Structures are given as structure tokens and as C-alpha cells.
Amino acid sequence: MVGLSEGEKHFIRGGIAQDLRTDGRRRLQFRAISVETGVIPQANGSARVRLGATEVIATVKAELGKPSILHPDKGKVSIFVDCSPTAAPMFEGRGSEEFSAELCVALQRCLLGGKSGAGAAIDLSSLIVVDGKVCWDLYIDGLVVSSDGNLLDALAAAIKVALSDTGIPKVNVSLSATTDEEPEVNVSDEEFLQFDTSSVPVIVTLTKVGKHYIVDATSEEESQMSSAVSVSVNRHGQIRGLTKRGGAGLDPSVIFDMISVAKHVSRQFISVLDSETLAAEAAE
Amino acid sequence: MEYVNPLTGFRVDGRRPNEMRQLKGEVGVVARADGSALFEMGNTRVIAAVYGPREVQNKGQQVNSKDALVRCEYRMADFSTGDRRRKPKGDRRSTEISLVIRQTMEASILTHLMPRSQIDIFVQVLQADGGTRAACINAATLALADAGIPMRDIVTSCSAGYLCSTPLLDLNYIEDSAGGPDVTVGFLTKMDKVTLLQMDAKLPMDTFETVMDLAIEGCKAIANYIREVLLENTRRLECQRG
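Protein chains in written order, with the UniProt record's numbering: chain Z, 1 to 284; chain S, 1 to 242.
For reference, chain Z alone in the conformation it holds in the complex:
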């Protein structure tokens, strides 16, 4: 990617100041989003989300495992993010590890809740098969295929759609007489359980450029940012996580403004995403 000249940088900042960005959007307007489900048939659930030229794939895989000793009545969920070198040559080799880790931790903070599992997007108790012995381990993988800014929002949207596409096989358990033996589990091929994704949040990132902030920044706009605040909001308007990126400091009152604007903008984003999800699942 060629760097921007001073004139281009000035043009981008001037456009944002006048509420007219280089692609004609306003400050609080998203790019067109397109959703596709079932793109990876081998996974329990998968989705591909395209946000302008940014394209990400999210998959959910479920495996039977042993519950954690700390929480024997809850299943386990892990999130991993990888940036493919097809998105940008700088992700070649180990070049994407730092950036992937940053995205991964931000997503974990927004989706998995705290150490106690409270506030998690999915009801972890529904993943238990046998208390203390058998549970479902969910592995959520995000893969960035094409990168044009705003990866965090696209990844969170893709994970939300992938979770609504997920089918977990039903497990029938026949307990043996001896309690300390491993229970015998029979995984069904016909019956599937699906998640209630109404509480799964989306992430809205507000990027500060000059004296204003914008949603859904492209790569060029992100290169002009001083800082960015990512707010994770669910359908009920509850905030589930916050992340600030970028080196410049922010005035606290500006942060409160950003949070309220993110809650407002996320309402429309969630409804658009839900309608796109229903259309994609109908087309599948």
C-alpha cells in the first residue's frame, strides 16, 4: 500500500470535518454490509461478512471436553483470530501475530465476559453435558481475508452471524452405576441445538480524526486517526466491553459522547445485520 501524501491527508481530514468523506459517506454511516452463512461446511457454524472491501470469515467448532475445575457447571469458549497474508503482504510469516493478538484480546473482552463467565454472550451453562465431567468446548475462529479498515467490527459481526448459524449436536448420556467412571456419551447425527444470539453484541468502533469521530473507518481514514474507541453493545442497549486504541489521549467527556453515539448507531447496525442474516440463512 502506497503511503498518503500530505495533500491527501489534508483532504481526508477536511472532508471528515465537513461531514463528507472520500467515498461520500457521512460521519456516522457504515459501508454496505453483505452476509453469507454456511461457507465452511465442515464447521458447526460459519459466516462470511463483507464490509466494503473488508472481508472476514468466522467459524464455530464444537468439541466434547472436560469442564474447568473452577467452573464445573459451565462449558468453555475460546476465540482465535488470524490475519491471512492474502489481506496484505505485511501479514506474511509472523507479521500478523501482533495485530491478530490485539484483535483477539479485544474480541475476548467483548464476548467472553469476565473470569467468572458472567456477562458472556452465550449462556455457558447450556454447554454442559454432564456436570464436572463432560462439556462442549466452543472454538471460535476469525480469519481476515481482505483488509480495508474496521476489522474489529467486521469480525464481531461475523462471529455473531456464525453463532446464529451454529448447530450443536444433541448428546444423550447413559450414566454408569459407578459415579467416578467416565460417562458414555452418544452424539446425535439428527438433532441439533441452536443458540439464542439475541444477547450477542456487535462492536462499533468510533475513530477520532481531527476534532470529529467517525464510524466504520477505511484504511486511509484509520491512518489519520489519533485514537479509537470500540464499544460492544447488544440488542438491549447494554454495553459489554470497551477498548481504546491509538496513542493520543482522549478527554473523558468525549468518551462519554462516543459511548452514547455508539449505542445509538448500533441499533441500526444490529437491525441491518439481523435482516441480512435472515436473508442469508433463507438463501442457504
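Keep in mind that the hints were calculated from the coordinates and are not lab data.
Just so it is clear, the structure is predicted and the values come from calculations on it, not from any experiment.
Here a beta-carbon is modelled for each residue, glycine too, at the ideal position from N, C-alpha and C.
It is possible that some hints are incorrect.
As the list claims (entries may be wrong) - Label-pair ranges, simulated between beta-carbon atoms:
#: 1; chain 1: S; residue 1: Q62; chain 2: Z; residue 2: G38; range: 32 to 38 Å
#: 2; chain 1: S; residue 1: K190; chain 2: Z; residue 2: N186; range: 54 to 60 Å
#: 3; chain 1: S; residue 1: L7; chain 2: Z; residue 2: L70; range: 53 to 59 Å
#: 4; chain 1: Z; residue 1: S223; chain 2: S; residue 2: G90; range: 25 to 31 Å
#: 5; chain 1: S; residue 1: N224; chain 2: Z; residue 2: Q29; range: 43 to 49 Å
#: 6; chain 1: S; residue 1: T234; chain 2: Z; residue 2: A32; range: 25 to 31 Å
Here the structure of chain Z is known, so what remains is to put chain S in place on it, guided by the hints.
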């Protein structure tokens, strides 16, 4: 387990021994790459992106100043296999496949037309169901053509095997795991030259010739399909230009 039904002659997925899996190719899937392609062979899905020709980033890798430097990286997504597997970047298998793809594409790219430059090929496996490296080579060929890199010929690749005394074309994962021989051929169809040949397990020479001929026939069929995809893409570009 019977991999070929002795009565009907069908395979486990309903194909005949010399039948390919369903192919699907799509160009221009990564917006910011110079060339990109998505290639599917049955349930094996691969994305390839090409960046370049551009200035050499690391002068130490440049062998000479008369030819372009071709580099390739092969990457498998963690979710791409049936059982989830987390692999470190640059493990042995990925390094070997990257080298194989690079050598195969180098045979086709007219590197002498682009001195002191660098062509990067990135291949990402989204789903693996057997025949992964063949699908990667096919995706890379489509991506290079999309990027407008001058090539001698279309490189295609196909695998073939030998199970239940029958040569089989385009193995899937189940047949690949059966322990029989696996022959992978990379082929320049118009020039009638082999640019890649790999085989594992034991195979008598006369049977090997039969299996290799079958793989070459598969490469020719894939080349026909790739040519159709490129022609369709060219027609669409022509219409857009008006």
C-alpha cells in the same frame, strides 16, 4: 472399508474412478490484491492472492538481477481441517508446500520480463478435504492470470491414487487417508510438460504410469475449466469497459 464398490464401480462419494470433484473458480475475491482467486475442488476451498510485480523488499533474497523473484507462502486456517488444529506459522509441511508451489509457478512465469522485481503469491486454505496442494496450485494460477502476470502456459495440478486395484482421480480426504499411493502432478497443458511430480507409498512402475496418465488427464480437464473462467472474466471486463 470398500473405497470402490465392486458391483457398481462407484466411489464413496458417488463418483466414478475417473471423475473429478465439482470445480468452482472465481477471480477478484480480494479487493486490494493485484490478482486474487477462489478455487474449490469439492469441499477443498482455497484463496490465493498475488501482489506484484513490485520492488524487491529484501535485497538479500534476490538471486540475480535478470529475473523476477517469486515468493510464495502457504497458510492453512486453524478451522480448515475436520479436527481443529492450531499450527505454528512456518511448520515443516507448510514450508514444503510453499516451496513446491513456488517452483511450480516459477516454471510458468516469464520472470525475465520483470528484472529486479518481486512477485508474492499468498495461498490460504479455508477448508481441506484432500488434494490441497493441487487446489492451491490451481488457485495460484488463476490469481496470477487475474494479476496480469505474463505466463508461458496455464499450470494446473491434480492428484490421483490407486485403491482396490483401481486408479482413482482426484482423491478426497477419505481416499487420501486410506493409506494407498497418492500421485500429485503439476502440468503445463499446451506445452505438454510436467512441472510437479510427487508420489508417496509403494506402487509398481506400470501401475504408476497408469495413475500418472490419469492425473495428467485431470490436469487437462482443470485447464479447460480455468480457461473458461478466464474467458468469462475477460468478457465481463470487456462489457464493463463498454
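Does the Cβ pair K190/S, N186/Z satisfy 54 to 60 Å?
holds, 55 Å
Using the Cβ atoms, figure out if L7/S sits within 53 to 59 Å of L70/Z.
Holds: the Cβ-Cβ distance is about 57 Å, inside 53 to 59 Å.
Return holds or violated for the Cβ distance of T234/S and A32/Z against the range 25 to 31 Å.
For T234/S and A32/Z the Cβ distance comes to about 27 Å; the hint holds.
At the C-beta level, are S223/Z and G90/S separated by a distance inside 25 to 31 Å?
holds, 29 Å
Looking only at beta-carbon atoms, does the pair N224/S, Q29/Z fall within the given range of 43 to 49 Å?
Holds - the Cβ-Cβ distance for N224/S and Q29/Z, about 45 Å, lies within 43 to 49 Å.
Against the range 32 to 38 Å, how does the distance between the Cβ atoms of Q62/S and G38/Z compare: consistent or not?
Since Q62/S and G38/Z have Cβ atoms about 44 Å apart, the given range 32 to 38 Å is violated.
Checked against the numbered hints given earlier, the structure breaks only hint 1 and satisfies all the rest.
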